[in-house]
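Given chain A, work out where chain B should sit, using these hints.
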Amino acid sequence: MHKTPFMHGIRMTFIFACTLFLLAGCEKTAPPLPEDAALLDGPVEGLTTEQNQRFLKGDIAFNDEVFTAATGLGPVFVATSCAACHAGDGKGHPFTTLTRFGQSDESGNQFLHLGGPQLQHRALPGFQPEELPAGAPFTKLLPPANTGLGFLEAVPDAVLMALADPEDADGDGISGRPNWVNLPDYISPRPDAIVQDGKYIGRFGKKAAVYDLLQQTANAYNQDMGIVSFYEPFDPYTGLEMDPEVSNQTIHDLVFYLRTLKAPVRRNEHAMEVSAGRTLFEQIGCAKCHVPTLNSGPSPISVLAYREFSPYTDLLLHDMGPDLDDGYTEGSAKTAEWRTPPLWGLGLSKDAQGGQYFLMHDGRASGIEAAILLHGGEGNSSKEAYKALNNQEKQQLLVFLESL
Amino acid sequence: MKPMSIFWSLRPILSALLLLVGLQQAAAQSETGWLQRIMPEKDSVPGKLNMDAVLDRPFLKLGKTPLAIGGYVEGNTAWFSEDGVSEGLSFQFPRLTIFMASTIARQIKFMTEIEFEEGGREINIEFAALDLQFHPAFNLRGGIIMNPIGAFNQNHDGPKWDFISRPVSATQMLPATWSNAGFGLYGKFFSGDWTLGYEAYLSNGFDNSIIDNAENRTFLPATKANTERFEESFNGQPMTTLKLSIRQLDIGEIGLSYMGGIFNKFQEDGLVLDEKRRVDTWAVDWNATIPRIGTKITGEWAWVRVDVPETFTQQFGRRQSGGFLDIVQPVLQRKVLNWEKSVISLVCRLEYVDWNAGAFRETGGNIADDFKAIVPGLSFRPGAQTVLRLNYRYHWQRDLLGNPPVRTAGWQFGFSAYF
Numbered sequence: 001m002h003k004t005p006f007m008h009g010i011r012m013t014f015i016f017a018c019t020l021f022l023l024a025g026c027e028k029t030a031p032p033l034p035e036d037a038a039l040l041d042g043p044v045e046g047l048t049t050e051q052n053q054r055f056l057k058g059d060i061a062f063n064d065e066v067f068t069a070a071t072g073l074g075p076v077f078v079a080t081s082c083a084a085c086h087a088g089d090g091k092g093h094p095f096t097t098l099t100r101f102g103q104s105d106e107s108g109n110q111f112l113h114l115g116g117p118q119l120q121h122r123a124l125p126g127f128q129p130e131e132l133p134a135g136a137p138f139t140k141l142l143p144p145a146n147t148g149l150g151f152l153e154a155v156p157d158a159v160l161m162a163l164a165d166p167e168d169a170d171g172d173g174i175s176g177r178p179n180w181v182n183l184p185d186y187i188s189p190r191p192d193a194i195v196q197d198g199k200y201i202g203r204f205g206k207k208a209a210v211y212d213l214l215q216q217t218a219n220a221y222n223q224d225m226g227i228v229s230f231y232e233p234f235d236p237y238t239g240l241e242m243d244p245e246v247s248n249q250t251i252h253d254l255v256f257y258l259r260t261l262k263a264p265v266r267r268n269e270h271a272m273e274v275s276a277g278r279t280l281f282e283q284i285g286c287a288k289c290h291v292p293t294l295n296s297g298p299s300p301i302s303v304l305a306y307r308e309f310s311p312y313t314d315l316l317l318h319d320m321g322p323d324l325d326d327g328y329t330e331g332s333a334k335t336a337e338w339r340t341p342p343l344w345g346l347g348l349s350k351d352a353q354g355g356q357y358f359l360m361h362d363g364r365a366s367g368i369e370a371a372i373l374l375h376g377g378e379g380n381s382s383k384e385a386y387k388a389l390n391n392q393e394k395q396q397l398l399v400f401l402e403s404l
Numbered sequence: 001m002k003p004m005s006i007f008w009s010l011r012p013i014l015s016a017l018l019l020l021v022g023l024q025q026a027a028a029q030s031e032t033g034w035l036q037r038i039m040p041e042k043d044s045v046p047g048k049l050n051m052d053a054v055l056d057r058p059f060l061k062l063g064k065t066p067l068a069i070g071g072y073v074e075g076n077t078a079w080f081s082e083d084g085v086s087e088g089l090s091f092q093f094p095r096l097t098i099f100m101a102s103t104i105a106r107q108i109k110f111m112t113e114i115e116f117e118e119g120g121r122e123i124n125i126e127f128a129a130l131d132l133q134f135h136p137a138f139n140l141r142g143g144i145i146m147n148p149i150g151a152f153n154q155n156h157d158g159p160k161w162d163f164i165s166r167p168v169s170a171t172q173m174l175p176a177t178w179s180n181a182g183f184g185l186y187g188k189f190f191s192g193d194w195t196l197g198y199e200a201y202l203s204n205g206f207d208n209s210i211i212d213n214a215e216n217r218t219f220l221p222a223t224k225a226n227t228e229r230f231e232e233s234f235n236g237q238p239m240t241t242l243k244l245s246i247r248q249l250d251i252g253e254i255g256l257s258y259m260g261g262i263f264n265k266f267q268e269d270g271l272v273l274d275e276k277r278r279v280d281t282w283a284v285d286w287n288a289t290i291p292r293i294g295t296k297i298t299g300e301w302a303w304v305r306v307d308v309p310e311t312f313t314q315q316f317g318r319r320q321s322g323g324f325l326d327i328v329q330p331v332l333q334r335k336v337l338n339w340e341k342s343v344i345s346l347v348c349r350l351e352y353v354d355w356n357a358g359a360f361r362e363t364g365g366n367i368a369d370d371f372k373a374i375v376p377g378l379s380f381r382p383g384a385q386t387v388l389r390l391n392y393r394y395h396w397q398r399d400l401l402g403n404p405p406v407r408t409a410g411w412q413f414g415f416s417a418y419f
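Residue numbers (this note's numbering), protein chains in the order written: chain A, 1 to 404; chain B, 1 to 419.
If we strip away everything but chain A, and leave its shape as in the complex, we get:
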C-alpha cells in the first residue's frame, strides 16, 4: 500500500521526463529543409543584416499581402496578390495568364481609351469585368519567374548593345535588337543609359518593354490588381486619378525583394549527360540567343555588382516566326519579336506550375521539347538542328535544360 503512490510518482516523473526528451529532440522530428538548389525563392547570398530586413519586408508584401475590396482590389483585376501569379517566385500558370491588347506596331497603343493595354478579366462581385474591345490586337502572357531579376537589371546597356546585331552583320541568321521604349515620368534612366531618339533599352517583360523593376512593380500593382500608387495613380476601372492604395515604401521594399532574389542554383551541373547536352546546346546554335553568361556592372547592392552569372538570355528581341506572331506588340518591337526568355530555373518551373510545364509566352508548350519545336524565325535553324539529333543527343540536351 505504501509503495503504490511512490511507484506512481516514479511513473509520472518518467512520463514527464519522456515528454521533455521528445521536445528536446524536436528538430529531428521536423520536415527537412529543402536543398537550396530545389527552390527558386530565397535571397541572394551575402546580404547584410539591414538588407535582410528589407528583403523580408518585400517578401511579406509580395507573398503575404492579399488585396480585398476594402484595401483597394479592383474592382476589375487579374489577381488578388503578387504571389497568386508567381507561386514560389516561379513561372505562372494558365489560371493567371493575362491578356494585353491594343498595339500592333511602333505607333503605340491605339486602345488606351478603351482600357488598354491590359485586360482586367476578373471583377469584384457586383461589377462586370473588362471585355476585349472589338478589333483589338491582343496576346496572352504567362507570368514569368522572378528569380535573379536583380542581376539582369544590373547588366549595363553597353553589354546588351554589344550582343545586338540588328542587321545580322555576321550573317548567322540571328539579329537581336533592343526594344527602345519611352520611360514613364517616375523612372530615372540608369547612369550608364544608352539613349536613341529619346528612347531607352527595355529589358523586362515578354516584349522587353519594361525598363526596370520599379516600373514593373508599379505597373503590376496597377494593371494586375487595380491598386493605384504615387507612381501609377490612375485607376484602371474609372480612368481617374486616385489616392495611393499602396505606399512608396512598400513598393520600394518589394522592388528590393525582387532585386535580391537569388539566381537559380544548378542541379547536376557536372553530370556527363548534362555536359554533353550543354555542348549540343551551343553546337546547334541555341546559345546565340540564350547567351549562357552575362556580367553585371555597378549596383548599389554590392552582392549584385560586377558578377558573372548564367541566365541563358541576351535580353534582346528576336523574330520568332509567324506561328508565334500574335499580332500584338509593345514598345518598338515587331509583333513577331519576343525577348529571349532566361532559361535559368527552367527545370524547376513545373514545381511552381502545379507539376507540369506551361512554356513559351502564353504557356502553349506542355514540355521543353514542345517549346523547342515551337521556335521559328531566327530560332528555326536551331529547331531544325534539334530535330536532326538522334534520340540520345536529344535526351542529353533536354537533361541539360532541366539542370538549369
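By construction, these hints were calculated from the structure, which means they are not laboratory data.
Certain hints may be false.
Unchecked claim - Selected chain A positions facing chain B (in silico; Cβ < 10 Å):
#, residue
1, VAL78
2, ALA79
3, ASP351
As the list claims (entries may be wrong) - Calculated lysine-lysine pairs in the DSBU-like style (CA-CA distance at most 30 Å, straight line):
#, chain 1, residue 1, chain 2, residue 2
4, A, LYS383, A, LYS206
5, B, LYS224, B, LYS109
6, B, LYS372, A, LYS28
7, B, LYS61, B, LYS109
8, B, LYS335, B, LYS61
9, B, LYS224, A, LYS57
10, B, LYS160, B, LYS276
11, A, LYS350, B, LYS372
12, A, LYS383, A, LYS350
Backbone N, C-alpha and C define an ideal beta-carbon position, used for all residues, glycine too.
Coordinates of chain B only, in the frame set by chain A:
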C-alpha cells in the same frame, strides 16, 4: 534551439501545470456550503447530446443564490518547423473562458460564455441566451446563440478534447466558435435507449468577407471579424440553422446539420448592388465509445457551397469539404499520485480540408488548395476536469496549383482545465 535551452525554457509551463493541478485539489477540499461544485453528467448518460454541452458544464454555485459560475483555461507551449525552418519555442495562452448561468425563474434560465483569447487580444461573447423551458421536447432560446453546425461548434470546451489545436475543418472551414444574434427552438424526445434531439434557429449570418478576405480563399470565419452581426443583419436575410441528432447508447450519437442563407449585401438604400448569393453548409458528426475497450471515436465531416460569381477569381472556391476523426484510447485508468481516477490515453487525430474543390476553367486541371494533418499524442487526465496533453502534429498544405506542399511539423505540450 539547443536541447538544454528547450529544457530550461519549459520550466515555467511545467511549474504552471503543477500549480494549476494543485489549486484544483485545494479548491475541491475547500468546497463549503456557500461554494458548491456542480459536476456535469457523464458522457455515457443516456439522453445526453452535443446540444447539451453549453449547459452541461461544471459550475461553482454560490450558496443559495440562483447564480452559478465556471470556466476553463488553456495554455501550452509549441515548437513548430515549416519546411525545415523553425521560429523556435513559443508559449501560448489561447483562451480563458468564463461562463455564468442563472435560473431567473422557474423554467427560465440564462447562460453566457465569455471568451478571452490570446491574452485578451480578443474578447467575445460566444453565447448569451435566455431559455424558456416549457417541456423537454419544446424549448425556446434567444440571444447570442451558437449556430449548431457540426458538433465541434456546440461542444468545444478545451478540457473535453485530447488535442491542443482545434480541428482545422471545424474552425477554419466551418467557423468556430461561431455565434450570432438569433432565436430558435430545441428539444429532445426519448424512447428506450434512443434519444432524438432537434434544434432550429434563425439568426444573423455571413457577409461579403467570406469571398473577399486576406486569406485569399473562401473563408467562412472571416465574418467573425464583423462584430456588427450582433447589432444587425448584414443584408436583412436571416440565416437558417437546423440540426437533428440521434443517440443510442451502444452506437453513439449521430448528428446531421445544415446552416445557410444569403450572405452578400445585395441592396442598400433600395438600390440593387448585386444578385442574392447563397452560402450553404452541411455537416454530419458522430461520436461513440466502443464498449469494453473504451475507445472514444469522434468525427465530423462538412460540406460548404458558396455562390461565388463566375467573373470573380477562382482563388475563392465555390465548394469546400473537410473533416476530422479523433481516436482516444485509454491505456491506464487508476490512481496516480493523489488523483484517484487518472486516465492516460493514446490519441490520434486525422484531418483533411479541400479548400477549393473543382477544376480550373483554363486547363480543366484539378484545383488543389488542400490540407491534411495527422496528430498523434498522449493525454493525461488527473480528473474529469483537467487534461494535460502532448501532441505531435504534422501537416501538409498544398497551394492552389498543387505545387509541392508546405510541410509543417512540431510538438505541443499543455493543459486545459475547468475551474
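Numbered hints the structure breaks, given as an ascending list
10
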